[in-house]
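Engineer: Letter by letter, the chains look like this.
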Amino acid sequence: MELCDLTAAEIAAQVRVGKVSAVEVLASTQSRIEAVDGRSGALDAEASVADDRHVHAFITRTPERARAQAEAVDRKLAAGEDPGPLAGVPFTVKDIFCVQDTPSTAASRILANFVSPYTATPVSRLEASGAVMVGKVNLDEFAYGSSTESSAFQPSTRNPWKLDRVPGGSSGGSVASVAVGEAALSIGTDTAGSIRQPAAFCGVVGVKPTYGRVSRYGLIAFGSSLDCPGPMARNVTDAAMALQAMAGADPHDSTAAGLPVPDYAASLEGGVRGLRIGLSPDYFRISIPDPQSSDGQYLRQPIPAEIDRLTRQAAEKLAAMGAEIIEDVPMPHTHLGIPVYFVISRVEAASNLHRFDGVKYGHRTEASAGDLHEMYRQTRSEAFGLQPKLRILMGMYVSAAQYSEQYYRRALGVRTLIRRDFDEAFDPDGPYRLDAMLTPTTPTTAFKIGDVYGDSVLMQYADQLTVPANHAGVPGISIPAGLDGEGLPVGFQLLGPDFSEATLFQIGRAYETATADAAWRSAVPEALQNIL
Amino acid sequence: MTQELITPELFTHLVRLAALALDGEEAQYLRRELNNQLGAIRELEAVSLDKNLPVTSYGVPYTEESTPALREDRWQPYENVAGIMRQAPQLEDGCIVVPDIPHESLE
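Residue numbers (my numbering), protein chains in the order written: chain A, 1 to 532; chain B, 1001 to 1107.
Hints are not guaranteed to be accurate.
To give a feel for the contact side, a few chain B residues facing chain A, derived at Cβ under 8 Å [claimed, not checked]:
#1 Leu1022
#2 Gly1024
#3 Pro1054
#4 Pro1068
#5 Gly1094
Label-pair restraints from in silico Cβ distances [unchecked claim]:
#6 A/Glu71 <-> B/Asp1073: 33 to 43 Å
#7 B/Val1081 <-> A/Asp371: 27 to 37 Å
#8 A/Asp423 <-> B/Glu1064: 11 to 21 Å
#9 B/Leu1005 <-> A/Arg521: 47 to 57 Å
#10 A/Ala68 <-> B/Val1047: 51 to 61 Å
#11 A/Ala68 <-> B/Arg1086: 13 to 23 Å
#12 B/His1013 <-> A/Met321: 52 to 62 Å
#13 B/Leu1053 <-> A/Pro431: 14 to 24 Å
#14 A/Leu372 <-> B/Asp1073: 30 to 40 Å
Far from chain B, by Cβ distances over 12 Å, these chain A residues were calculated [what the hints assert, rightly or not]:
#15 Arg53
#16 Asp263
#17 Ile418
#18 Asp427
#19 Asp498
#20 Val524
Hints are computed from structural coordinates only; laboratory data are not their basis.
Glycine included, C-beta positions come from ideal geometry on N, C-alpha and C.
Model the full assembly from the supplied sequences, consistent with the hints where possible.
Structural biologist: Okay, structure coming up:
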C-alpha cells in the first residue's frame, strides 16, 4: 500500500509522530495523480481516445502551494509545534470554492480567467488544520448537473470503477480523486445530492451537513437556500475529521449557525444499540419520466433489486448490532422533491447568475459591443454553457410576477410539507421517534457517459432520493454498501434531524465495523488495476 | 413530450430579459427542455395546499440559539483591493471601463 492509499486518520497520525513527513505523503499523492489522472480539464479540448483510460479529476493542480503547505507542516513538527489534526493530509477542492491566487472557475468559461482574491472559509479551515491542498477538481458547470459531463473543462471526470461511466455529480472530480488516492479528502457542495449521489456512484463516503453547519463564504452560489458544503472521504472516520475542521459559525456568513460543533470523534465508536432507524417505502419507489407520455407523466416503479437488497442488508446489519429498525415510516411528499427543486433551485440559480456580466470579473466578449446591454448579451451568450442558460430562463419564467403564485409560491408551500415529513419522523414525542432514516442514496448505479446527458429532466431525477434533505435542510450521509452485479458501487443514505451529524457518523461507523471483512471492500477500481 | 407552455414568442421574450442571444440550435434545445421541465412540475398543481400553510424559504429553522449575533456595523478596510481590481476585464486609472451605457428615459 502506498502512502497515498492511507486514510486521512492514518496519514495524520503518522505525520504527527514523525513516522513519515508531509512532504513524503505529498510525493506519493502526486505520483498517483501522474499515474491515473491523465490530462486536466481544459476549455476547447478536443476529445481523444486516450482520455477513456484516465480519471481526469482535476481542472487545476497546485503543486507549489501543496509543497509549501507540506513543508510548513514538517517545519512545525520539527519546531515542536502542533501541525493540526489533519497534518499532511492531501485534499482536493471542488472548483466551486474560491481559493486565493488560484483559478476558481466553477467549471464555466465565464470564470475561466478568474483568480480569486480570497479563500473560502471551509478551505481555509482545512488548511489551518494542517491539510494540504493538491488542486481544484472538476464538476458540472456551476454545479448544474448529476454527472460532471456539463463542465466546460473537458475531458470530464470518469468513474474510477468503470471508466466509461460517469462519476456522478456535480462533485464528480471530488469523489473520483478520493476513490483513487489522489487525495484522502475532498470538499464539495450538495444542493440536491451533489455530494451524496457521486459518493454512492464512486464508492466513497459523502456528507451533506445540516444547512448552516458549514459556512458558505467563498462558495460560488447555486441555490442559496439549498447549498451545503461538505466532505468526501474513503471512510466515516475521515469524513468526521474533515467536518470537524470545516464546521462552525463564521462572521462572514450570517446563515452559518452559531451552535457549537460537537466532538464527532468522541461518539464515533458508540455503536447503534438502542438507536431507532427508520425505513420508508417512499424511498424504495422511484419516479421515471414516461417516454411515451405526451404531457409529462411519470412511471412509478420499485427501486432496482440490487440497490433494494444492499440497502435492506445494511439495515439488517445494524439491527444485528442492536439498532431498532422501524419499518413503514411514511414520507409521502418524497416524490415531489424534484418538481419542487425544478422551481426553487432555478429561481435561486437565475438570481445568482445575474452577477456574471463581463464587467467586474470573468470573461468579457472580445467582439466589439455597441453598448453595455450588447456587451452583457454577447458575454453571457459566449461564456455560459447550455445548463446555466437553461436555469436562467426557467428561473425567470417561474418567478415572473404573473406565474410566481402558480409555481414559486406553490413550490415553497410543498417544501413545507417535505420538511414536515422529516419533522414527524424525527419527533421525539411522535409515533416514530427516529434517530435516523436509512434509504438508498440513488435510484441507479453509475450510468454510461452520454446516456443521460442532454435530457435535463431525466438527469435531475438522479437526485430524487437525495433532494428532499436539501429542501428540509437536514443532514445526510452516503455510505458504500457494496457492489452491484456489474461491479459498480452502491451507496445507502442516512438522514437525521437538524445537526445530528454525530449520530449519523456513529451509525455509519458501526456499519463499517460490521462489514470490515466483506469481500467487496477489497475490490479494486478499474483505474487502479494496472498500478496496484 | 409535453404541452408547449413556452411558445416561440414567449421564449424570445425570456431570452431578451435574460440578456442572452442564442443561435438556432441552442434555442431549439433550450425551449424543448424548458417545456419538458415545466411538464415535470405539473405534479405540484395536484397538491392540495391549505391557504394558511406557511412557505419554507429554507429548511432549518433559525432559533435564538442558532442565529449568529449580528456583526457590529463598522467599516473595515479590505486587505486585498488590488486582487479584486486585477480581475476586472478593463481598467483605466483605477476605474472599471464599460461600453457606452444607453440613455433611458424614466417615465
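Engineer: Does 13 to 23 Å hold as the CB distance between A/Ala68 and B/Arg1086, or does it fail?
Structural biologist: Since the Cβ atoms of A/Ala68 and B/Arg1086 sit about 21 Å apart, the hinted range of 13 to 23 Å holds.
Engineer: Against the range 14 to 24 Å, how does the distance between the Cβ atoms of B/Leu1053 and A/Pro431 compare: consistent or not?
Structural biologist: 22 Å, holds
Engineer: Is the interface hint for B/Pro1068 satisfied, with its Cβ closer than 8 Å to some Cβ of chain A?
Structural biologist: 4 Å, holds
Engineer: For the range 11 to 21 Å, tell me whether the beta carbons of A/Asp423 and B/Glu1064 fit it or not.
Structural biologist: 19 Å, holds
Engineer: According to the definition I'm using, a residue is off the interface if its beta carbon is farther than 12 Å from all beta carbons of the partner; does A/Val524 meet that for chain B?
Structural biologist: Consistent with the label, A/Val524 stays out of reach of chain B, its closest Cβ about 39 Å off (over 12 Å).
Engineer: Taking the Cβ atom of A/Glu71 and the Cβ atom of B/Asp1073, is their distance within the range 33 to 43 Å?
Structural biologist: About 41 Å separates the Cβ atoms of A/Glu71 and B/Asp1073, which means 33 to 43 Å holds.
Engineer: With 12 Å as the threshold, tell me whether A/Asp427 passes as away from chain B on beta-carbon distances.
Structural biologist: Holds, since 14 Å exceeds 12 Å.
Engineer: 47 to 57 Å was suggested as the range; check whether the CB atoms of B/Leu1005 and A/Arg521 agree with it.
Structural biologist: 50 Å, holds
Engineer: Are B/Gly1094 and chain A close enough, Cβ to Cβ, to be under 8 Å, as the hint says?
Structural biologist: Violated. Min distance 14 Å.
Engineer: Is the gap between the beta carbons of A/Ala68 and B/Val1047 within 51 to 61 Å?
Structural biologist: 55 Å, holds
Engineer: Given the range 52 to 62 Å, decide if the beta-carbon distance of B/His1013 to A/Met321 lies inside it.
Structural biologist: 60 Å, holds
Engineer: Hold the hint about B/Pro1054 up to the distance rule: shortest CB distance to chain A must be less than 8 Å.
Structural biologist: 6 Å, holds
Against the hints set out earlier in the document, violations occur for numbers 2, 5, 17, 19.
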